[in-house]
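*Asks:* If you read the sequences in order, they're chains H and L. Taking the numbering used here, the leading residue of the first sequence gets 93, the next gets one more, and so forth. Taking the numbering used here, the leading residue of the second sequence gets 60, the next gets one more, and so forth.
Read the hints as simulated data drawn from the structure, not as lab findings. Fair warning: this is a prediction, and the values are worked out from it, not measured in the lab. Using N, Cα and C, we set each Cβ at its ideal position, and we do this for glycine too. Incorrect hints may appear among the rest.
[Unchecked claim] To give an idea of the interface, some chain H residues facing chain L are shown, with a C-beta separation under 8 Å as derived from the structure:
#1 Glu-232
#2 Thr-238
#3 Leu-240
#4 Thr-242
[As the list claims (entries may be wrong)] Label pairs and their computed distance ranges (CB to CB):
#5 H:Trp-295 x L:Glu-177: 55 to 63 Å
#6 H:Phe-145 x L:Gly-232: 55 to 63 Å
#7 H:Lys-116 x L:Arg-175: 45 to 53 Å
#8 H:Glu-203 x L:Glu-136: 34 to 42 Å
#9 L:Asp-138 x H:Gly-331: 24 to 32 Å
#10 H:Glu-203 x L:Asn-78: 33 to 41 Å
#11 H:Gly-331 x L:Asp-289: 51 to 59 Å
#12 H:Lys-116 x L:Gly-308: 37 to 45 Å
#13 L:Gly-83 x H:Lys-116: 48 to 56 Å
#14 L:Gly-308 x H:Ile-154: 54 to 62 Å
#15 H:Asp-329 x L:Met-173: 31 to 39 Å
#16 L:Ile-236 x H:Leu-351: 55 to 63 Å
#17 H:Met-301 x L:Lys-171: 35 to 43 Å
#18 L:Gly-83 x H:Phe-145: 37 to 45 Å
Each chain, letter by letter, is given below.
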Amino acid sequence: MSGAEEKTFSMTDGFTGVLQTLGKTTLAFFAAVGRLAQFAGHSIYHCFAPPIFPRLLLRQLINIGFYSLPVVGLTTLFTGMVLALQSYSGFSRFSAEGAIATVVVLSITRELSPVLAGLMVAGRVGASIAAEIGTMRVTEQIDALTTLSTNPFKYLIAPRLIAGTLMLPALVLIGDIIGVFGGYVVSIYSLGFIPENYLHKTWEYLERMDVISGLWKAATFGFIVTLMGCYHGFNSDRGAQGVGAATTNAVVSSSILILISNYFLTQLFFTGK
Amino acid sequence: MGAVPKLELKGVYKSFGSNHVLRGIDIAIEKGKSLVVIGGSGTGKSVMIKSVLGIVHPDKGSIKVDGQETTKLKPRERDFFMKKFGMLFQGGALFDSLAVWENVAFGLIQGKAMDRKEAKNIAIEKLRSVGLSPRVADLFPAELSGGMQKRVGLARAVAASPEIIFFDEPTTGLDPIMADVINDLIVSASKELGATTLSITHDMASARKIADNIAMIYKGQIIWHGPAKDIDHSGNEYVDQFIRGRAEGPIKMET
Numbered sequence: 093m094s095g096a097e098e099k100t101f102s103m104t105d106g107f108t109g110v111l112q113t114l115g116k117t118t119l120a121f122f123a124a125v126g127r128l129a130q131f132a133g134h135s136i137y138h139c140f141a142p143p144i145f146p147r148l149l150l151r152q153l154i155n156i157g158f159y160s161l162p163v164v165g166l167t168t169l170f171t172g173m174v175l176a177l178q179s180y181s182g183f184s185r186f187s188a189e190g191a192i193a194t195v196v197v198l199s200i201t202r203e204l205s206p207v208l209a210g211l212m213v214a215g216r217v218g219a220s221i222a223a224e225i226g227t228m229r230v231t232e233q234i235d236a237l238t239t240l241s242t243n244p245f246k247y248l249i250a251p252r253l254i255a256g257t258l259m260l261p262a263l264v265l266i267g268d269i270i271g272v273f274g275g276y277v278v279s280i281y282s283l284g285f286i287p288e289n290y291l292h293k294t295w296e297y298l299e300r301m302d303v304i305s306g307l308w309k310a311a312t313f314g315f316i317v318t319l320m321g322c323y324h325g326f327n328s329d330r331g332a333q334g335v336g337a338a339t340t341n342a343v344v345s346s347s348i349l350i351l352i353s354n355y356f357l358t359q360l361f362f363t364g365k
Numbered sequence: 060m061g062a063v064p065k066l067e068l069k070g071v072y073k074s075f076g077s078n079h080v081l082r083g084i085d086i087a088i089e090k091g092k093s094l095v096v097i098g099g100s101g102t103g104k105s106v107m108i109k110s111v112l113g114i115v116h117p118d119k120g121s122i123k124v125d126g127q128e129t130t131k132l133k134p135r136e137r138d139f140f141m142k143k144f145g146m147l148f149q150g151g152a153l154f155d156s157l158a159v160w161e162n163v164a165f166g167l168i169q170g171k172a173m174d175r176k177e178a179k180n181i182a183i184e185k186l187r188s189v190g191l192s193p194r195v196a197d198l199f200p201a202e203l204s205g206g207m208q209k210r211v212g213l214a215r216a217v218a219a220s221p222e223i224i225f226f227d228e229p230t231t232g233l234d235p236i237m238a239d240v241i242n243d244l245i246v247s248a249s250k251e252l253g254a255t256t257l258s259i260t261h262d263m264a265s266a267r268k269i270a271d272n273i274a275m276i277y278k279g280q281i282i283w284h285g286p287a288k289d290i291d292h293s294g295n296e297y298v299d300q301f302i303r304g305r306a307e308g309p310i311k312m313e314t
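Input sequences plus hints: build the corresponding full structure.
*Replies:* Set out below in structure tokens:
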């Protein structure tokens, strides 16, 4: 075989290899999406079909909602404070300091509070759900549930999904108030604004939809975080490495999905498309 | 015609990708009898039990409980069947977020919707029957030794008075004395309930103690079965090698 023929042959081989890899990756991606969709459908069904376990739901409401409050509160407080400082330093260049209060309240309610709360809860709650359910998977506790006539979807997944979807909007509403308060404190005590004027500007351009869109986003993010935590934990591989990978995947996938869905929700709410 | 077996598996196959774990399992257990399936690691013992429990779905074959086919049951119908089963897991599989008594009473509270107070009393009674004092009831599983966890697992398996009990490697990881205690408890609990039992183990002392009949599984198939008393003169070289624990013989170490 001549050198030129060999070269053509190896190039064809290389091209086929790339196509094969691309094909395999595409198939694996769609298979994963299918598995996740099936898991989500099954989970949602069990959120509505009786029986609901009130004790478990209450425990998750407290765990996901109440215990995430310090993290979300601190995040939104400092974000509101930084936002006021940054807006001041930027807006003072073209004498638009009067818009700071509006910028703070709109940024916090529409974007920063839901997205940052979602990401913080993904780190705190999503990781812990994946680790807990993953450990239950590898120690056969999920199989044990089945043998004790208890559906794991109903007992483990549904309470977490319901709690996540309900509690994140509540956290974001509190985060909205704390974030706006952070901006107010910096503006009044550090930047020398007059309280009455600042509060008036805060309310002046705020519309109901600004807050409501943030709460809808929060509900979506809460669902995403708990779903990804449950999904990765439930399908965890064996051993400590498997649980570790499930935890990482839960946080990474929910964070990415939060950012992607945030774009589409924003487009839906504010452009109507 | 003989009585309908309590549990019957016929031609059960299960593969995970190219790994053919079960290759046509055939076993039958009469009501109230105890069958122990022996076999090395990775021969398909756990998958066989999980197939009966519906945790793993067999690719082919029939699994009948009281003569009724269970492989094609809908989830709700399966829930009904699950009430007939109890299982002791190899590692105990106790719920570590729940107190010991809640673990034991789990099947009563969740499965049978029993009042918590009444369920706790039964749980304490069951714990006593496996030699654990009532003060253990309020502890958490992580506070117990391996042997105690196994006994709690046994108490949980029998708490809802199941008709069929599965024991997955009941003595693995226990010292010989504790292993014998567990074996005695298994025998007494099963007799008391009149339950049919299916155990899997590679501990021959345990198998001899708890079995009415023994079957040996090798490469996903039952290669010998018979009364427990015949195990020492089975005439099967695979069984002989296994029960004598010899490295030489037809069973080769997997590479």
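*Asks:* For the pair Met-301 (chain H) and Lys-171 (chain L), does the Cβ-Cβ distance stay inside 35 to 43 Å?
*Replies:* 50 Å, violated
*Asks:* Minimum Cβ distance from Thr-238 (chain H) to chain L below 8 Å?
*Replies:* This hint holds: Thr-238 (chain H) lies near chain L, its Cβ roughly 6 Å from the closest one there, short of 8 Å.
*Asks:* Does the interface hint hold: is Glu-232 (chain H) within less than 8 Å of chain L, judged Cβ to Cβ?
*Replies:* At 4 Å from the nearest chain L Cβ, Glu-232 (chain H) passes the 8 Å test, so the hint holds.
*Asks:* So does Gly-331 (chain H) sit 51 to 59 Å from Asp-289 (chain L), Cβ to Cβ?
*Replies:* 40 Å, violated
*Asks:* If I claimed the Cβ atoms of Glu-203 (chain H) and Glu-136 (chain L) lie 34 to 42 Å apart, would that claim hold in this structure?
*Replies:* 49 Å, violated
*Asks:* Taking the beta carbons of Ile-236 (chain L) and Leu-351 (chain H), is their distance inside 55 to 63 Å?
*Replies:* 58 Å, holds
*Asks:* 33 to 41 Å was suggested as the range; check whether the CB atoms of Glu-203 (chain H) and Asn-78 (chain L) agree with it.
*Replies:* 49 Å, violated
*Asks:* Taking 24 to 32 Å as the stated bounds, is the beta-carbon spacing between Asp-138 (chain L) and Gly-331 (chain H) within them?
*Replies:* Check passed, 31 Å falls within 24 to 32 Å.
*Asks:* Quick one: are Lys-116 (chain H) and Gly-308 (chain L) within 37 to 45 Å, going by C-beta?
*Replies:* 42 Å Cβ-Cβ, so the 37 to 45 Å window holds.
*Asks:* Between Gly-83 (chain L) and Lys-116 (chain H), does the beta-carbon spacing fit 48 to 56 Å?
*Replies:* Since the Cβ atoms of Gly-83 (chain L) and Lys-116 (chain H) sit about 33 Å apart, the hinted range of 48 to 56 Å is violated.
*Asks:* Quick check on a hinted range of 55 to 63 Å for Trp-295 (chain H) and Glu-177 (chain L), using CB atoms only.
*Replies:* Between Trp-295 (chain H) and Glu-177 (chain L), where Cβ atoms are some 57 Å apart, the hint holds.
*Asks:* Could you say whether the range 54 to 62 Å given as a hint is met by the Cβ separation of Gly-308 (chain L) and Ile-154 (chain H)?
*Replies:* Because 59 Å falls inside the window, the suggested range holds.
When held up to the earlier numbered hints, the structure conflicts with 6, 8, 10, 11, 13 and 17 and fits the remainder.
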